[in-house]
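Asker: If you want the building blocks of each chain, they are given just below.
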Amino acid sequence: MSRLLRLPITMLLGDKQADRVVPPSGHTAWLTSFSAGAMAFLAVFALAMAMASGRLADRWSAELARTATVRVSAPEGQQDAQVKAVLRVLSTTPGIKSARPLSDAEQRKLLEPWFGPDLPLDSLPVPRLIEVQEDDPGPDVQGLRLRLAAEAPGAVFDDHTRWREPLVRAARRLRFLAGLAMLLISLSTAAMITLAANASLAANATVISVLRLVGATDAYIARAFVRRFTLRALAGATAGTLAAVAAVLMLPNAAEEGAFLSGMGFQGLSWLLPLTVPFLAAFVAFWSTRRAAFRTLRGLS
Amino acid sequence: MIELANAAFSYGGTEILTDVNLGLVPGSFHFLTGPSGSGKTTLLRLCFMELLPSAGQVNIFGRDVCSMTRDEVAEARRRIGVVHQDCKFLDHLSIADNIALPLDVSGRDTEAERANLDELLAWVGLSHRASALPAQLSGGERQRAALARAVIMSPDVIIADEPTGNIDWEMAQRLLRLLIELNRMGKTVLIATHDLNLIRSAKAHVSARVLRLHQRRLQAAGAEL
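Line by line, the protein sequences give chains A and B. Using this note's numbering, the letters of the first sequence map in sequence onto residues 1 to 301. Using this note's numbering, the letters of the second sequence map in sequence onto residues 1001 to 1225.
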């Protein structure tokens, strides 16, 4: 069995006597569990944010990548003719899969969030919108714009690039920031556990010195501290993770009220991700305590 | 076994030991004496590798201590039983657990070894105090428990630092008898003490070499001992 696998197994099985040689120390125990719990709580939310922003970026990319809109703003009386001209141009353009004008009801629904439900569409100079589905590869946009300008001067071809890219970039940035938050949380956990471990090692200097004098190796002494801190971190992080998962579950479902918050949290298999947080915390505690213990022990005779 | 060659030790610029030469051969019995502050404890600490010499050489079981790794030092310490002046117990563990500590740290805490622990407790007369905490023991009981811990690994060498310093004469004699018994079993014994009566009393039962620390140097004691 590889050393990497053997280490955590040995640690979890533990050594009863090795555990007992170090007296339990109150404040470092609760400090470790509490900080691991708090950090796990934050980590689950950072994960939820990363997942949500990732999904948002993917959805926006996918939804907008193969669609475009033609906006037709023509003087009264010319609009229908220009819409027909646009549809004609689009139907003969390579790279265009389909094109259809939005109905009044669909346009009303689009404007509803800004103008309310009883919008008198007929009395307003609202441009007509044509939804375009592109093929892969899409059309020659420059050529299409020139043809539209010649056939329907009031038509503007919008392939969404202008506003799609910043949105997708923002969503990806959010995902990066969530990842960064996870990293910072892990480093903060390591720093706090190192401080607690150092305090515990300092408080038990006499115990360590006696153990050394009766022939204990550094590995034996370190194991007693490492196991204790790892298990404390695991317990604290488990509690923090459970609390955070419960909080995520209790988040209001904003799918109907707001587009951005829709899907905040986990979906499908991604619910398994928070389960990794306690183990990550235990791993961080294991290595930070081990490092602190060996550094302290090397300074002793 | 333990050999010091021109060993010196300085602390904070002050030389505590100078040109110390000492050889402990298997089965020998040594007393180390000298006034308080003469460096007896420092010399013992050099012998069990708690301190490293600032000059000269200290060889333990044929190895220069300065070239030993930390794990090798731990391994060598298991072959040297030490009775510290202040006993150095872990206050939260029972006396039995404190005595068994060397077994545990060396991974030898087995059923058979635990049976030996019971015998050992009986040998030092502490069977009835096995579950007591160190703070609940008298000075003499603590010293006997410290001796039991020093010998539980069946070490080659036993080093005792003022083992009778805080106990009455009768208890000191009892402890001395235990150490003489160990020497007869082939163990090398080195005892630091300023109690000359204890040395005289021991010499009636064992062939002991008496060394004296004087002005930072080790020398054979005078004829009065």
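One or more hints might be untrue.
Unchecked claim - Partial selection, computed: residues in chain B whose CB lies under 10 Å from chain A:
1) Y1011
2) G1012
3) T1014
4) E1015
5) I1016
6) E1050
7) D1071
8) V1073
9) A1074
10) R1078
11) F1089
12) L1093
13) D1097
14) G1107
15) R1209
16) R1212
Stated by the list, open to error - Here are the computed distance ranges between Cβ atoms for each label pair:
17) G179/A to L1133/B: 48 to 54 Å
18) D1064/B to A219/A: 21 to 27 Å
19) R169/A to H1092/B: 55 to 61 Å
20) E1111/B to F176/A: 48 to 54 Å
21) W271/A to L1052/B: 54 to 60 Å
22) A203/A to G1037/B: 47 to 53 Å
23) L184/A to G1037/B: 53 to 59 Å
24) G179/A to Q1057/B: 52 to 58 Å
25) D1064/B to L300/A: 18 to 24 Å
26) E1113/B to F34/A: 28 to 34 Å
27) R1079/B to W30/A: 37 to 43 Å
28) L1133/B to L184/A: 43 to 49 Å
29) A219/A to Q1215/B: 39 to 45 Å
30) E1015/B to A203/A: 55 to 61 Å
What the hints assert, rightly or not - A partial selection of chain A residues facing chain B, derived with a Cβ cut-off under 7 Å:
31) P23
32) V214
33) A216
34) T217
35) D218
Don't read these hints as lab results, they were simulated from the structure. Computed from a predicted structure; not experimentally measured. Note that the Cβ used here is the ideal one computed from N, Cα and C, for glycine as well.
Asker: All hints are to be evaluated individually against the structure, with a verdict given for each.
Answerer: Checked hints:
Because the closest C-beta pair between Y1011/B and chain A is about 13 Å apart, greater than 10 Å, the hint is violated. With a least beta-carbon distance of about 16 Å to chain A, the hint placing G1012/B at the interface is violated under the 10 Å criterion. Interface restraint check for T1014/B: the shortest CB-CB distance to chain A comes to about 19 Å, outside 10 Å, so the restraint is violated. For E1015/B, the interface hint is violated, since its Cβ never comes within 10 Å of a Cβ in chain A; the closest pair sits about 19 Å apart.
Hint status for I1016/B relative to chain A: violated, with the closest Cβ pair at about 16 Å, above 10 Å. The restraint placing E1050/B at the interface with chain A holds, with a minimum CB-CB distance near 5 Å, inside the 10 Å limit. Given the 10 Å rule on beta carbons, the hint for D1071/B holds: about 5 Å separates it from the nearest Cβ of chain A. The beta carbon of V1073/B comes within 8 Å of a beta carbon in chain A, closer than 10 Å, and the hint placing it at the interface holds.
Given hint, A1074/B at the interface with chain A, holds; its Cβ is 5 Å from that chain's nearest Cβ, closer than 10 Å. Because the beta carbon of R1078/B sits about 4 Å from the nearest beta carbon in chain A, less than 10 Å, this interface hint is met. Interface hint at F1089/B: satisfied, since its Cβ lies 7 Å from the closest Cβ of chain A, which is below the 10 Å cut-off. Checking L1093/B against chain A by beta carbon gives a least distance of about 7 Å; that is within 10 Å, so the hint holds.
For D1097/B, the shortest C-beta to C-beta distance to chain A is roughly 7 Å, which falls under 10 Å, so the interface hint holds. For G1107/B, the interface hint holds, the least distance from its beta-carbon to any beta-carbon of chain A being 8 Å, beneath 10 Å. Because the beta carbon of R1209/B sits about 26 Å from the nearest beta carbon in chain A, more than 10 Å, this interface hint is broken. Hint on R1212/B is violated. Least Cβ distance to chain A is approximately 26 Å, over the 10 Å limit.
For the hinted restraint 48 to 54 Å between G179/A and L1133/B, the CB-CB distance of approximately 52 Å keeps it satisfied. Evaluation of the 21 to 27 Å hint for D1064/B and A219/A yields a pass: the beta carbon distance comes to about 23 Å. Checked against the given bound of 55 to 61 Å, the beta carbons of R169/A and H1092/B, roughly 59 Å apart, stay inside it. Restraint check, E1111/B to F176/A: a C-beta distance of roughly 58 Å breaks the suggested window 48 to 54 Å.
Between W271/A and L1052/B the Cβ separation comes to about 57 Å, which falls inside the hinted range of 54 to 60 Å. Range check, A203/A to G1037/B: about 31 Å between beta-carbon atoms, so the 47 to 53 Å window is missed. Between L184/A and G1037/B the Cβ separation comes to about 55 Å, which falls inside the hinted range of 53 to 59 Å. Between G179/A and Q1057/B, the C-beta spacing of about 57 Å keeps the proposed range 52 to 58 Å intact.
Distance hint check: the CB atoms of D1064/B and L300/A are about 20 Å apart, consistent with the given range 18 to 24 Å. Look at E1113/B against F34/A: about 40 Å separates their beta carbons, and that is not inside 28 to 34 Å. At roughly 41 Å, the beta-carbon separation of R1079/B and W30/A lies within the given 37 to 43 Å, and the hint holds. For the pair L1133/B and L184/A, the supplied restraint of 43 to 49 Å holds, since their beta-carbon distance comes to about 45 Å.
Distance hint for A219/A and Q1215/B: a CB-CB separation of about 42 Å, consistent with the stated range 39 to 45 Å. At about 34 Å, the beta-carbon gap between E1015/B and A203/A misses the expected band of 55 to 61 Å. Contact between P23/A and chain B, as hinted, is supported at the beta carbon level, the nearest pair being about 4 Å apart and thus within 7 Å. Because the beta carbon of V214/A sits about 4 Å from the nearest beta carbon in chain B, less than 7 Å, this interface hint is met.
Taking 7 Å as the C-beta contact cut-off toward chain B, the hint placing A216/A at the interface holds, the least distance being around 4 Å. Against a cut-off of 7 Å between C-beta atoms, the interface hint on T217/A holds, since the closest Cβ of chain B lies about 5 Å away. Taking 7 Å as the C-beta contact cut-off toward chain B, the hint placing D218/A at the interface holds, the least distance being around 6 Å.
In the structure shown, a violation is registered for the earlier hints numbered 1, 2, 3, 4, 5, 15, 16, 20, 22, 26, 30, in ascending order.
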